[in-house]
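Asks: Chains as they are written, first to last, in our numbering: chain A, 1 to 368; chain B, 1 to 368; chain C, 1 to 368; chain D, 1 to 368.
Be careful, since some hints might not be right.
Copies of the same chain are indistinguishable here, so a pair counts whether it falls within one copy or spans any two.
As the list claims (entries may be wrong) - No farther apart than 20 Å at their CA atoms in a straight line, the calculated lysine to aspartate or glutamate pairs in the EDC-like style are these:
| no. | residue 1 | residue 2 |
| --- | --- | --- |
| 1 | Lys307 | Glu262 |
| 2 | Lys143 | Glu73 |
| 3 | Lys307 | Glu73 |
| 4 | Lys198 | Glu258 |
| 5 | Lys49 | Glu66 |
| 6 | Lys198 | Asp183 |
| 7 | Lys198 | Glu66 |
| 8 | Lys148 | Asp40 |
| 9 | Lys307 | Glu66 |
| 10 | Lys307 | Glu266 |
| 11 | Lys49 | Glu39 |
| 12 | Lys143 | Glu66 |
| 13 | Lys143 | Glu64 |
| 14 | Lys148 | Glu212 |
| 15 | Lys148 | Glu35 |
| 16 | Lys143 | Glu35 |
| 17 | Lys148 | Glu66 |
Simulated from the structure, these hints should not be mistaken for laboratory data.
Number of protein chains: 4
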Amino acid sequence: MSGNSMGLLFTVTSFGESHGPAIGCVVDGCPPGLELCAEDIQQDLDRRKPGTSRHVTQRREADEVEILSGVYEGRTTGTPIALLIRNTDQRSRDYGNIADTFRPGHADYSYWHKYGVRDPRGGGRSSARETAVRVAAGAIAKKWLTEKFGIVIRGHLTQLGEIEIPFTGWPHVAANPFFAADDAIVPRLEDYMDSVRKSLDSVGARLRVVAENVPVGWGEPVYDRLDADIAWAMMNINAVKGVEIGAGFASVAQRGSEHGDELTPEGFASNHAGGILGGISTGQTIEVGVAIKPTSSIAQPRRSIDKAGNALTMETHGRHDPCVGIRAVPVAEAMLALTLIDHALRHRAQNMDVAVGTPRIAGPARSI
Amino acid sequence: MSGNSMGLLFTVTSFGESHGPAIGCVVDGCPPGLELCAEDIQQDLDRRKPGTSRHVTQRREADEVEILSGVYEGRTTGTPIALLIRNTDQRSRDYGNIADTFRPGHADYSYWHKYGVRDPRGGGRSSARETAVRVAAGAIAKKWLTEKFGIVIRGHLTQLGEIEIPFTGWPHVAANPFFAADDAIVPRLEDYMDSVRKSLDSVGARLRVVAENVPVGWGEPVYDRLDADIAWAMMNINAVKGVEIGAGFASVAQRGSEHGDELTPEGFASNHAGGILGGISTGQTIEVGVAIKPTSSIAQPRRSIDKAGNALTMETHGRHDPCVGIRAVPVAEAMLALTLIDHALRHRAQNMDVAVGTPRIAGPARSI
Amino acid sequence: MSGNSMGLLFTVTSFGESHGPAIGCVVDGCPPGLELCAEDIQQDLDRRKPGTSRHVTQRREADEVEILSGVYEGRTTGTPIALLIRNTDQRSRDYGNIADTFRPGHADYSYWHKYGVRDPRGGGRSSARETAVRVAAGAIAKKWLTEKFGIVIRGHLTQLGEIEIPFTGWPHVAANPFFAADDAIVPRLEDYMDSVRKSLDSVGARLRVVAENVPVGWGEPVYDRLDADIAWAMMNINAVKGVEIGAGFASVAQRGSEHGDELTPEGFASNHAGGILGGISTGQTIEVGVAIKPTSSIAQPRRSIDKAGNALTMETHGRHDPCVGIRAVPVAEAMLALTLIDHALRHRAQNMDVAVGTPRIAGPARSI
Amino acid sequence: MSGNSMGLLFTVTSFGESHGPAIGCVVDGCPPGLELCAEDIQQDLDRRKPGTSRHVTQRREADEVEILSGVYEGRTTGTPIALLIRNTDQRSRDYGNIADTFRPGHADYSYWHKYGVRDPRGGGRSSARETAVRVAAGAIAKKWLTEKFGIVIRGHLTQLGEIEIPFTGWPHVAANPFFAADDAIVPRLEDYMDSVRKSLDSVGARLRVVAENVPVGWGEPVYDRLDADIAWAMMNINAVKGVEIGAGFASVAQRGSEHGDELTPEGFASNHAGGILGGISTGQTIEVGVAIKPTSSIAQPRRSIDKAGNALTMETHGRHDPCVGIRAVPVAEAMLALTLIDHALRHRAQNMDVAVGTPRIAGPARSI
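Start from the sequences and build out the full structure, keeping to the hints where you can.
Replies: Structure follows, in structure tokens:
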């Protein structure tokens, strides 16, 4: 209820502040019997890790995960899996000057009014550092989904500020620091980011995340629709301001004769639905688009107030990502994985009695 | 867990099929002492009611609500409020021919695979008829929010197919069948809808819904962010394909120096955040944008398959809205109200100890 | 959260006051495909119905149930099943004199302080009339448990006031108005009840409810233990003051060498555990004992106060059960069924991956 | 859903195995502003700690707690409080011989069938070692309840095997290793325990736990009754087989004229209800009785089977409590505190609108 847990059957309960002793989570509901070791989790953590290129924050965190429970002789036991990541590089002195002021675009003002007290060091609980925990939990979800169903979850940046990034192929994504699915555009992105940094400013981004091979029938009909739970998951990522499924906002100007995906014995003829109809998966690829606002911490002088309501001017220095959208890619993948595994388990609970003869159909993966 | 309830502290549990005996819900968690009668609810139901103009479905439903419990001598008692709406105009013959086929764009295919059985009459549980229930429950939420906090929740259509609708003023909205905030454009919208109907097609829509006077401090920090819960609520409305908060997708191409709302002693200098920072309300107007796909039921021939997987061609006749987005306006208002009242009650539970001296600030309402 | 729902995966949301228009519930999470009609539910309702003998309340309620949704062509569809029972015999005049006073032993005082307002007619929401709803929902649960697993849930009275009732055989239970498993004692029980009524007093009761053929492995390990959820369910029945599992309070004076049930290839050698170890079912019969206090409404003069705190003397007339424990038997069965079906569905969600070779063992059913 | 969390608004999520690296929990929902340091928690942990007398297990655990998050400058911030207790004395060799067998009275058999895999070292997740976590979380709850409402929660042993222990006074409880409220009986208890140990056996126990100064109005009316949630909490403690509130099982043989607590302007005239009526607190002392079975691990030879279903004889050596009921006293206190704080926060969420003029009454504390 206090907003630090997600998932009904596969539940992640997160804890930790940016500059406290540690961050971590308890993953409850992971089915028993899954092979799991710290290295399985570390791989995804390293994709989100700060300090891997000059285009992201220079904070140095090992982000080393320790499994405290729930695994015995290399396999999950069905009991809670506690994950611990110690904070090692907290330069709290960077933040001392903002304890009594509210950084524009940040949660400082709203936190202060909600709690009446806050840990100002690095944004405390509102820091995007918390997303490491989700990536860790998401790695477990991904592994199970892949082993049980062959589900593949992956994402890439589709827009960086004003620059749209074409999709050339998945192998490109891991080969550059922008999660761009097109090698050719990388130099342009680098120049662009350099100029943004020099102007002491930041930019927004747009990303796409997909899940392939999701079985038909996952999701609920009225209030826990699969698309609603995905929207919820994405909007729970720091800095996200918009979410769309399939054709998304483009469907506003579409006609029904264009948007509605026809069915054929060979599969759906298109995927404007983005793999979900009536809140339930269709077996097509699930297509999610996410809009991320520019980083709020910038070194330009900005107007704000202090706790007493006095006007002031502040610049936010420190080691910030000039575009938080970049490192959000593995976070969005994790959130999609966590949403899907929860619905996978719900589906199990509900549907043992069902025997449907109709052959599943699939069809084109991409909505556009 | 089966997806027919929403809200943690103010919980709506919905039931009913389009062509069954009745639809309705149980509202649990409404604070005691609120003055309430059926008429309070009926007003909002009538705004969503079918058959009110030629541009919406011609199904004739009185949508008359009966309060079965939870109200004594004109006031809520704190016990569950059950609401019942009998279905009166179910022409099931209209749907007999689709029992063994899957209508493109509809939930038929995914429902079939999820449940192995479905009530095909009018889409059964997947029918947008269920949204009447939300409007009814939302009316209770709205009334309480208004009486306690002066909160005003309202919405309007911002785009109908290709036509963008300007915002001229709130009083316009109730004066035309399109929930358009501009009288002048109404004739154009009418011609447009007539042409859509004649072409046996349908169109999408975009709408905006806002909540004014929401206190600062509502929402959770990590996973039940207010914006995430709003996105979830909106995406749970039939046919919704995208949601954005504040600047939304426009923030992708913004710079941090532009997007981040500055604070001044007189209030925020802008509202790109849409009234929410770090998942918690700021006291500014909450701004939500919603994209709705074109109605899936159209009378044009479309390709599909039957349960055995055989190809076929089908036309969907019946009494359908040529643009489901229009009547979605009161539904979106209701979903926003239900989300807010839940967070209002959470806030109560959490914050009795807090005494924050800083004067609240507000600032400009609109994000753009 | 407001205490009108039970069950995580098979959720019953109850509504209604004793003297309002109706009581009822929404059952969400019933698996699709179960044959179900009103008559299936009516049978259990009739066992709990008032007015069936001179030893229970003489209120005349048909307790006729209407299924409003979730069933299509005689089978459940997986969508919410709404059940409605209209109140027909509300003599509110019986209760007019108690609107401003607090009946001893009743919830009047605590409700008044919780809600600040209450529906005094017949106890309003706190009336045991609400338990009809649980019996109705429980009938669905029972039917599914029986069809899927052959589970048999049944109960009987083991003590009425000072009189212990021996267990002679299950067929006896349906043959007398006391749910006594021994015909021979019935005349003595009748005389006893007559004398209690004549003395304008009431008595407590003890009952036993069991579930046979429950598979091994249901229940959670730490906080949602099957025995804890059963205790919760039982203690949620009006007037229940104690719950025990298996040997229960007798285990206090037992030695470990006596209490701990040995395992043999043929099954457990005893059942002091009552079918549950470590919160998880063992495959033995689940054994539950319940203590029920005497009816609070008695016609003797008793001291109380009014809302202003003034002393007064009151007698509670009306049509009350002289022993609420009797009609509690079908209610306790229903609560056990609702608890078990929820864990059955949880088990499904969790355990698809498990393949345990060990042959299940069972052993003696009774704990003592 | 997987049974490792308790509480809706004050939620404890527990993790850890007896012989894994650590146990711990995340406490989510603690109001901000509470002064808190590790020492506050350590005090209660030390009361439950093993190895403090010859009558409890000789396992040596420092049970030192580390606060990982949620506290800043000595006060809670409203964000999750993660507590970590490293396991230091795990002699896994003690348990190697039981990996393929099922100890009578233990969760081994049911765990194996539920999960298909288990951590056999010290009972893994089913070990009572987990209860240290609850004591730690409960210490936070206790502190808040005391500071806000002056609530006092305490418990004592009322029966050890066949020996009933009189209540002489609270100060006695801390002065002996049995949590006995009577000094004079201690030598007899010591002799008794010595003889139990010598006979290689174990005994059950009965305990009483109370909460004084609980305000009137906490609890829910139908399904989350305060007494039901307390029963659930107690039955979730390892080895508990029975729970009663107020007069409990004694109420079976009572008359209504005896059981029903009369109200007077000076307070209730008795407390057979145990402080709860209709599921809601009355302002009187909450009275809970708990029955605990004898320790299952005994060194006598007992019949069992192995995973293949073969008969065998086993003795359970190791360092076990000859009566688990003794150290259960602080655990039961913690569970009561956790239940109460959750309802305290629910009450806040629901009842801001209520203004009830009637003066609260209290009356006698003890039910008997």
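Asks: For each hint, tell me whether it holds in the structure or not.
Replies: Status of the hints after comparison with the structure:
{"no.": "1", "hint": "Lys307 - Glu262", "result": "between (58 Å within a copy, 15 Å between copies)"}
{"no.": "2", "hint": "Lys143 - Glu73", "result": "within (17 Å within a copy, 39 Å between copies)"}
{"no.": "3", "hint": "Lys307 - Glu73", "result": "between (53 Å within a copy, 18 Å between copies)"}
{"no.": "4", "hint": "Lys198 - Glu258", "result": "between (45 Å within a copy, 16 Å between copies)"}
{"no.": "5", "hint": "Lys49 - Glu66", "result": "within (16 Å within a copy, 26 Å between copies)"}
{"no.": "6", "hint": "Lys198 - Asp183", "result": "neither (24 Å within a copy, 48 Å between copies)"}
{"no.": "7", "hint": "Lys198 - Glu66", "result": "neither (38 Å within a copy, 43 Å between copies)"}
{"no.": "8", "hint": "Lys148 - Asp40", "result": "within (16 Å within a copy, 39 Å between copies)"}
{"no.": "9", "hint": "Lys307 - Glu66", "result": "neither (39 Å within a copy, 32 Å between copies)"}
{"no.": "10", "hint": "Lys307 - Glu266", "result": "between (63 Å within a copy, 14 Å between copies)"}
{"no.": "11", "hint": "Lys49 - Glu39", "result": "within (14 Å within a copy, 35 Å between copies)"}
{"no.": "12", "hint": "Lys143 - Glu66", "result": "within (17 Å within a copy, 31 Å between copies)"}
{"no.": "13", "hint": "Lys143 - Glu64", "result": "within (19 Å within a copy, 34 Å between copies)"}
{"no.": "14", "hint": "Lys148 - Glu212", "result": "within (13 Å within a copy, 34 Å between copies)"}
{"no.": "15", "hint": "Lys148 - Glu35", "result": "within (12 Å within a copy, 32 Å between copies)"}
{"no.": "16", "hint": "Lys143 - Glu35", "result": "within (9 Å within a copy, 38 Å between copies)"}
{"no.": "17", "hint": "Lys148 - Glu66", "result": "neither (25 Å within a copy, 37 Å between copies)"}
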